[in-house]
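There are 2 protein chains.
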Amino acid sequence: LPSMQSSGSKPCSCPSFKLREVASMYFTMIAVFLVILVVALQGSAPRGTDFPYKVPLDPQGLLELSWNVSYPEQAVYFQLFIKDLRFGLLFGMSDRGEFENADLAVLWSDGHNSYFGDAWSDAKGQLHMDSQQDYQLLGARRAPEGLYLLFRRVFSTCDPKDYLIEDGTVHLIYGILEKPVHSLQAINISAIHRGLQRVQLLKPNITIPELPSDMKTMEITAPNIVIPSQETTYWCYMAELPDNFPKHHIIMYEPVVTAGNEALVHHMEVFQCAAEFDSFPHYNGPCDSKMKPDRLNYCRHVLAAWAMGAQAFYYPKEAGLAFGGPGSSRYLRLEIHYHNPLVFKGRHDSSGIRLYFTATLRRYDAGIMELGLVYTPVMAIPPGEDAFILTGYCTDKCTQLALPAAGIRIFASQLHTHLAGRKVVTVLSRDGKERQVVNADGHYSPHFQEIRMLKEVVAVFPGDELITTCTYNTKDRSRATVGGFGILEEMCVNYVHYYPQTQLELCKSAVDPGYLHRYFNLVNRFNDEEVCTCPQVSVPQQFFSVPWNTFNRDVLKSLYSFAPISMHCNKSSAVRFPGEWEKQPLPTITKRLQEPVPRCQPTPGPATPVPLNLGELRRD
Amino acid sequence: LPSMQSSGSKPCSCPSFKLREVASMYFTMIAVFLVILVVALQGSAPRGTDFPYKVPLDPQGLLELSWNVSYPEQAVYFQLFIKDLRFGLLFGMSDRGEFENADLAVLWSDGHNSYFGDAWSDAKGQLHMDSQQDYQLLGARRAPEGLYLLFRRVFSTCDPKDYLIEDGTVHLIYGILEKPVHSLQAINISAIHRGLQRVQLLKPNITIPELPSDMKTMEITAPNIVIPSQETTYWCYMAELPDNFPKHHIIMYEPVVTAGNEALVHHMEVFQCAAEFDSFPHYNGPCDSKMKPDRLNYCRHVLAAWAMGAQAFYYPKEAGLAFGGPGSSRYLRLEIHYHNPLVFKGRHDSSGIRLYFTATLRRYDAGIMELGLVYTPVMAIPPGEDAFILTGYCTDKCTQLALPAAGIRIFASQLHTHLAGRKVVTVLSRDGKERQVVNADGHYSPHFQEIRMLKEVVAVFPGDELITTCTYNTKDRSRATVGGFGILEEMCVNYVHYYPQTQLELCKSAVDPGYLHRYFNLVNRFNDEEVCTCPQVSVPQQFFSVPWNTFNRDVLKSLYSFAPISMHCNKSSAVRFPGEWEKQPLPTITKRLQEPVPRCQPTPGPATPVPLNLGELRRD
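Sequence lines, in order, name chains L and W.
One point on numbering: in this note's numbering, the residue at position 416 of the first sequence is 416, and numbering is uninterrupted.
One point on numbering: in this note's numbering, the residue at position 350 of the second sequence is 350, and numbering is uninterrupted.
Please note that the accuracy of each hint is not assured.
[Claimed, not checked] Simulated restraints, written as ranges between beta carbons of each label pair:
#1 L:Ala274 / W:Ser478: 56 to 62 Å
#2 W:Leu593 / L:Gln400: 47 to 53 Å
#3 W:Asp122 / L:Phe485: 46 to 52 Å
#4 W:Asn101 / L:Thr588: 36 to 42 Å
It should be emphasised that the hints constitute simulated quantities derived from the structure, not laboratory data.
Given the structure is predicted, the values throughout are model-derived calculations rather than measurements.
Quick reminder that beta carbons are idealized off the backbone N, C-alpha and C, glycines included.
Could you put the whole structure together from the sequences, leaning on the hints where they help?
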């Protein structure tokens, strides 16, 4: 039988007769389905009793999810902690956090009897019981601090109504039932207290490298600030390294979150400032304040980044991120995104990031390289698109020139788009054949940009191609979205972390402007309307005046997948490697990677909801 | 336990100890997996002991497949008869009959021991055991005439290596092992005697309408001809109705196949000749003979069509196909396709079709309507395409004008393309929303064109749209394939059988030629090459001179899904309904039909091959 102990176990004084009741019911059921269950539950208790990953689901911290991933079983073990159980709750997953077409585990009670079941919601948000129960209840435990529910879910069930748990972002949803309900169907999903939380469920199984004995730590944290009572705040705080701080290697870092603020601190980043300025002003305030000195915009080199649900970040044992020493700025900028939807007032916070570093330099400096699209308006997305694709290339010609013969190793990646981004993937191609996914997020959200360790380190050699594809949704927009720096313009970027560091900082592309010009001419000639796409008008203006019928949309797609590109194969954002980089041919792909079809695992056990003895639930 | 009796059971004198041995082994295994099997085998014996559908697999008739479909179980029951078992056989399914990436049931023997297992072949044709055994062996029986293997396969297993059994054509493959093999992996799939057979596995469950007492029959059969000793022959034979034969209704027909020729008679059709000619010459010979009178080309109105594996065809009880009477030709043409790959000589044949007809006319005359694309070169497929899509429309405007207020009922359909056709589907759309698939074949083959009864009768009302989509493969072609009558030109047609008959014979479309002209201009201007697409050149010539880069391919696709269409809403092939039919807008679809995701059923039972006691197998 799986363990019913929770992790981080607070001293437990459970009313033992209830636990016994629950356990006995569970035993009775198991007796019935014993033969079948035995087959499936073999080794189904989580290895170790703990759930290493934890995230608050709601901003008040009433619901907390801990989990563990078993790759051999292709399953996730969940422990859901409910501080104050009313008449049940919903927990589940959906494509982008919506409550329609969602896959839900539901605990509901009519006040006397409680049930746990696997359900799905249709396009109207109506709940239905799944014909197969794939959220497999393993235990329930009442403790003084609240209720613990332990359940298991395989990544891929055989139920077409179920969510497929994949790498990358997973949109978790929750809802709290505040009134008794007599059946699952009676739950009105639009009338309940509910919300969403994004996490990377399938954390990679990383072996933690040995840490040196001379390791030191440094905390870059907010100086006991008051979190503004508004939904969204980006807080900026400037810190600095000691004078004459010599070169060190950052070898790991971890979040420092002020107790009680776990649900408010959404993500944090530490940036190093540009070395060309001798000093930077001290600043401690919102990043969008009029008082913020402009020079802070020159603090953009990422040293560390953390987002909710992430754990400590470890550099591979061969490499560290250089900081300190000559040619490196002493100034650091801490940026914290506070997400405070309930507009709490007067909350103090001293969160930040703890850097672990060593003076015993590792063999290699780690570097960061930017892949994807150049920030230029020639790459645009028509309005009203559901899933428009733009692709940025790092060509064989550039890697041939810029990478060492022994290649580089990519070990982490941070995907980046603006608000229309929905998916990002980078694929490594060699000799025209796609070889390996570098990083992929099919449920990417611009609101959840973590640096993610890769499951597998990716070796890139001279002559390899790195192809980054972003999918955008512009359904709610009425004019074209062009590439650029603005929040309503778009980007398609993958910041890859690798070693050994090279001079190549940027390997990105954009369509050749001459071919785009032919496109605007074609739009003029083919369509009956008269469109002003005269060359003296800016590219965004030309895009804004295109009549977006299906033909003009399709031909733009065709243009992007046919026209030659302008390559940015750069040492820094302004300095290109020597060579001809205009009108370069698009990489040709003769063999695509096969989408791995995950083999589904039907969950054994009852196909009906499980009754739970939680006692009488009270109405306030 | 499922019955081990075969259908049409010939007297059985099985060596009973062997049967007992097999049964005992089977029982031992069942004992082990009893609990699981009990769950799954409930009601798994075919209802009735018979297998109503039957087809020879190989041209010598050594292998014969009978089967039955259980829609409640979503499973097919197969009975494979092997006349002369050597050292095993392969039977399976694949996308288009290839032996690579195929899903196979394999019976193999090392001379002493025999095994039955579910396997798959990779892209190189190498066999591997499936991790789950989804061809579920139900029984094996030695009889004097040969071996019967009985097994079951659900439509959709949970194994991604398995073939999904769908409506429409299924490409069955078989192979005969003539030497002992020591393991599955040792089978060299390219070195064995093998072949393919196309069938519609999922026959619809039609209720047979009551037949009238005055029903008469008429056989239209070949007059004891000698089948030519060549692989492919289309034989033409002219028959005629009696003088002054009054109007009758054909209410069913069935094949008459000369015993022994079951594997050679591939398909047969009876056509009625055009009424405008008073007489037609008698003819009995190959259809492509120089001696065949030209006038036979005017015998194209289908009265009956049968293909291998098909059974009797029944008209719905409200309708019959009119023949005889004034305004109807007395002349009929029988066409038989003989497929004789082993080049047998001197085989006599009197196969044909038996028509069942009645003078008591049913309420409605049945009619045939042609949906899809007009036969014109403006609809073209670039060379080297894997899956190029062309779509033909029957618009709301045409159905509004031509259909009765009470609508029509489509009950059968015959899909038609030339050699590049790979898929055909017709969808019914109402108010811009796709409502129902009329007929779909995702594994369509131009070599297997049956009239198929629909699973569900489709009601079409004035204002509805019928959209027919064909997918073509031109990988092996070096120049564009244009629409037309030639065998290397293409068609996209669905002949739908419906009642009550209307004047609408043809509801088809093609792209507006003016827009195609703009396309050729655009190709000239956008691309750097100089292309001769001057208007004095014919459309096929213009297509043949397009340089087929990805841009020109994509833009042609965009054109076809954007440009207005020319509608043929015709009473007969030359007479249009009154109205404006040029430059019509493409139907807009606001809601697509969801592809039904069939729920997979994991097959219970052992995940390893099953040993079979077939005794020692002999080498010749």
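Hint by hint, here is what the structure shows:
A hinted range of 56 to 62 Å for the beta carbons of Ala274 of chain L and Ser478 of chain W is consistent with their spacing of about 57 Å. Judged by the Cβ atoms, the range 47 to 53 Å given for Leu593 of chain W and Gln400 of chain L holds: they are separated by roughly 48 Å. One distance hint, 46 to 52 Å for the beta-carbon pair Asp122 of chain W and Phe485 of chain L, holds here, with the actual separation near 48 Å. Distance hint check for Asn101 of chain W and Thr588 of chain L: the Cβ-Cβ separation is about 24 Å, which falls outside the suggested range of 36 to 42 Å.
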